[in-house]
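Asker: So you can see what is in the structure, the chains are spelled out below.
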Amino acid sequence: MGIRERLSGNEAVAVAMRQINPDVVAAFPITPSTEIPQYFSTFVANGQVDTEFVAVESEHSAMSACIGAEAAGARAMTATSANGLSLMWEMIYIASSLRLPIVLNLVNRAVSGPLNIHNDHSDAMGVRDAGWIMLFSENNQEAYDNTLMAHRIAENPNVKLPLMICQDGFITSHSIENIELLEDDKVKEFVGEYKPEHYLLNQKEPIAVGPLDLQSYLFEHKAQQAEAMKNAKQVIKEVSEDFEKLTGRKYEFFEEYKLDDAEMAIVCMNSTAGTTKAVVDKLREQGVKAGLLKVRMYRPFPAEEIANSLSNLKAVAVLDKADSLNAAGGALFEDVVSGMYVNNKNVPVVNYVYGIGGRDTKETDIEEVYSDLSKIVETGKAENPYRYLGLRKGEK
Amino acid sequence: MNNLIEIRWHGRGGQGAKTASLLLADAAFNTGKYIQGFPEYGPERMGAPITAYNRISDKPITVHSNIYNPDYVVVVDDSLLECVDVTSGLKEEGAIVINTTKTGEELKKHLKGYKGSVYCINARKISEEALGRYFPNTPMLAAIVKVAGIMTNEALLEDMKGSFKHKFAKKPEVIEGNMKALEMALKEVRKI
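Going line by line, the protein sequences match chains F and G. Residues 1 to 396 in the working numbering are what the first sequence spells out, letter by letter. Residues 1 to 192 in the working numbering are what the second sequence spells out, letter by letter.
Okay, chain F solo, but in the shape it has when bound (with noise of 0.2 Å):
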């Protein structure tokens, strides 16, 4: 039956990890984040959790702690946000390529500078080539989700790569929102316990981790994690279909809100699929056919499934939380519009780069974007690609 429960995002993420119980938790406080690490000692000094908690001096510190706590043959898990994020850089490429299933909860913030500590995308997407798994949250409730079936997919012999959960920083961090949750004995059991395959600590096979890879290897190893980021997808959608059956709660790569008649669409991330869908309510009832396509699953990304799903429209729109600054389009849209094309699916799409810094996203932003799309509908014409959402007037 589930909790009912009211709980902000990183209380919901805590409860998680609490409910998770792993090995080590190795973190630094950063904003948004902060609340995730300093709940969870909470549960370490309280005794509820037989967690090492590692109060290192550092993001990099606290990443390299993981690694070796999971080298070791230890479930690791840590938090963070925007620029920490930045200092674990170098280590965030090292977790992923030794193939070490670690989890991160990634609590959205923009990366300074100049210094902002408000919500956008751009400590994402500057990690999404780094060979981790993403999974994005639109609430509390979806963080905490994420975060239970995170190291069944992570850990999984096809896959072993890290993961990331992505939620808004304060938006859906630090809002009290309602959530059910699960009782810890059916936490216990859906999460499992690690056994790992190679392990550090494991006497009966001395191997070494992390040696030089020249010429020779390095490729095929690259290959080898490109490999597993296939996998991946059977692995989240199988690993998603056991937590639905367990809590009732549907979760694919993506999904699709009112998109089966649409003419037009939104494609987002986290929270703002939620105001979308409070628009999409409101225009519906007008008799607009508007619809609205939420990413899950940005690594790996299902480029084909979305290109399928978006087929029938007749415009898109595809909202970025960060801006690439490549002078052509956000992350999230050259993806969709990539996967369209050589899907060889047709259809009008538009970029729009918002919420940036933490501007707020008012429903009549989106309201906004659907008027622009309907103009498309109308034309079939989608000029300047390449827009802003949200931004002042005469200042950009």
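Honestly, the hints are just simulated from the structure, not real lab data. Just so you know, these numbers come straight off a predicted model, no measurement behind them. Incorrect hints may have been included.
In silico EDC-like pairs for lysine to aspartate or glutamate, Cα to Cα no more than 20 Å straight-line [to be verified]:
1) G/Lys59 / G/Asp85
2) G/Lys187 / G/Glu173
3) F/Lys282 / G/Glu176
4) G/Lys167 / F/Glu383
5) G/Lys91 / F/Glu363
6) G/Lys59 / F/Asp23
7) G/Lys161 / F/Glu5
8) F/Lys237 / F/Glu304
9) F/Lys186 / F/Asp23
10) F/Lys282 / F/Asp260
11) G/Lys59 / F/Glu5
12) F/Lys195 / F/Asp50
13) G/Lys167 / F/Glu35
14) G/Lys115 / G/Asp78
15) F/Lys186 / F/Glu255
16) G/Lys112 / G/Asp159
17) G/Lys167 / F/Glu189
18) F/Lys345 / F/Glu285
19) G/Lys109 / G/Glu92
20) F/Lys362 / G/Asp85
21) F/Lys250 / F/Asp260
22) G/Lys59 / F/Glu180
23) G/Lys59 / F/Glu363
24) F/Lys237 / F/Glu285
25) F/Lys362 / G/Glu40
26) F/Lys381 / F/Glu304
27) G/Lys165 / F/Glu5
28) F/Lys186 / F/Glu244
29) G/Lys59 / F/Glu285
A short list of chain G residues far from chain F (calculated; beta carbon distances all over 10 Å) [said to hold, decoys possible]:
30) Gly14
31) Gln36
32) Pro39
33) Tyr68
34) Glu106
35) Leu107
36) Phe164
37) Glu176
38) Leu186
39) Ile192
Glycine included, each C-beta is placed from N, C-alpha and C at the ideal position.
Since the structure of chain F is already known, use the hints to place chain G on it.
Answerer: What follows is chain G alone, placed relative to chain F:
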């Protein structure tokens, strides 16, 4: 009661407006509602204007933006009337609740012709009498619950008793005063 109630809080850092919005979310949650309680984070410092929000509904809430057309506004510190547009977007069928000793005439100057209901409460007097110190958030919480009809007085008092026990586990001596502040505020909030 409308299906969705949206509330905006204006306070100053340190007065507990954020805590009050979270306590309101808690109390409404305990009556079976769907809730949101969230502050607008800025450069937080004692005395700076802060904003916090609540959504309360019978149905799941998916919107994740700030509130621009609130049903109710709570002003925890009347000095904010001078510098913050507190009635911005406030619905006329709604109401504003202000912690003040100012007269209706004086308030009118600041409310920019707001045509909806205006409620006042002297939260300073209540807090100082009940708690011996100035913590306006408890009386303001009771005032908005009553004005917006979020739950009955009895349900609020019963629920807050539990919340205070939890919140003040390490200083139980303040629970009685806070309960008294709630009761006084429920009686003293008045429409002008």
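Asker: Against which earlier hints does the structure fall short, listed by number upward?
Answerer: Hints 1, 2, 3, 4, 6, 15, 16, 17, 18, 24, 26, 31, 32, 33 are the ones this structure does not satisfy, whereas the remaining hints hold.
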